[in-house]
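Novice: Construct the entire structure; sequences and hints are all you get.
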Amino acid sequence: MGSERELVRLLDPSGNDIGTADKALVHTTDTALHLAFSCHILDTQGRTLLTRRALSKLTWPGVWTNSFCGHPAPGESFEDAIVRRAAVELNLEISSITSALPDFRYRAVDASGIVENEICPVFTAVYTGPGELSPNPEEVCDWAWADIVDVEEAVTATPFTFSPWLVEQLAEGVYTGGRFPLTQPVEG
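Under UniProt numbering, the letters of the sequence shown match residues 1 to 188, in that order.
Hints were generated in silico from the structure; no laboratory data involved. Do not rely on the hints blindly, as some may be mistaken.
What the hints assert, rightly or not - Have a look at the derived ranges for each label pair, beta carbon to beta carbon:
id	residue 1	residue 2	range
1	ALA24	GLY46	21 to 27 Å
2	SER95	ILE18	29 to 35 Å
3	ASP80	LEU58	23 to 29 Å
4	ALA171	LYS23	25 to 31 Å
5	GLY62	ALA24	32 to 38 Å
6	GLY113	ASP147	18 to 24 Å
7	VAL109	GLN45	23 to 29 Å
Ideal Cβ placement from N, Cα and C applies to all residues, glycine included.
Specialist: Here is the structure:
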């Protein structure tokens, strides 16, 4: 990881930018509302990539979640941020980025008391690359391609083993009847 600080965009309750904060300092027991995104990657067989958060992560270490998440930098489009984080977290290139839940927002408190408080649009993307993935061990400690119906069943049976944002995204219909909902292309 470089020495350059990563800034997150702080938001007011209506979703308007009101400033920035250092990502390393923003996640506390009183986390300010900020902008993020979640991305679910599909492969050419229609499976989704689940990742298990590294045990060193500040929030929800070791839980299973969607493919990856991140924070768009000031002035950075969602599409550019998604491509950047796919490379950083999973060392892969993605295509066909589409919006799935554009108005997703959540607040959750993990077992250590750290709060996530995000306006967090949800996207899907396609992985068509060859070979095995090689995730960044600072971000991901395990991963699996899974059938969407199996994901829905696992989250229903054991929601505590998954990130709260994945559980809420499922409840809001990111997977509908075993498939992703109709989505719209992202505009740069």
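Novice: Each hint: holds or not?
Specialist: Against the structure, the hints come out as follows:
| no. | hint | result |
| --- | --- | --- |
| 1 | ALA24 with GLY46: 21 to 27 Å | violated, 37 Å |
| 2 | SER95 with ILE18: 29 to 35 Å | holds, 33 Å |
| 3 | ASP80 with LEU58: 23 to 29 Å | holds, 24 Å |
| 4 | ALA171 with LYS23: 25 to 31 Å | holds, 27 Å |
| 5 | GLY62 with ALA24: 32 to 38 Å | violated, 20 Å |
| 6 | GLY113 with ASP147: 18 to 24 Å | violated, 35 Å |
| 7 | VAL109 with GLN45: 23 to 29 Å | violated, 36 Å |
Hints 1, 5, 6 and 7 from the list above are not met by this structure, while the remaining hints are.
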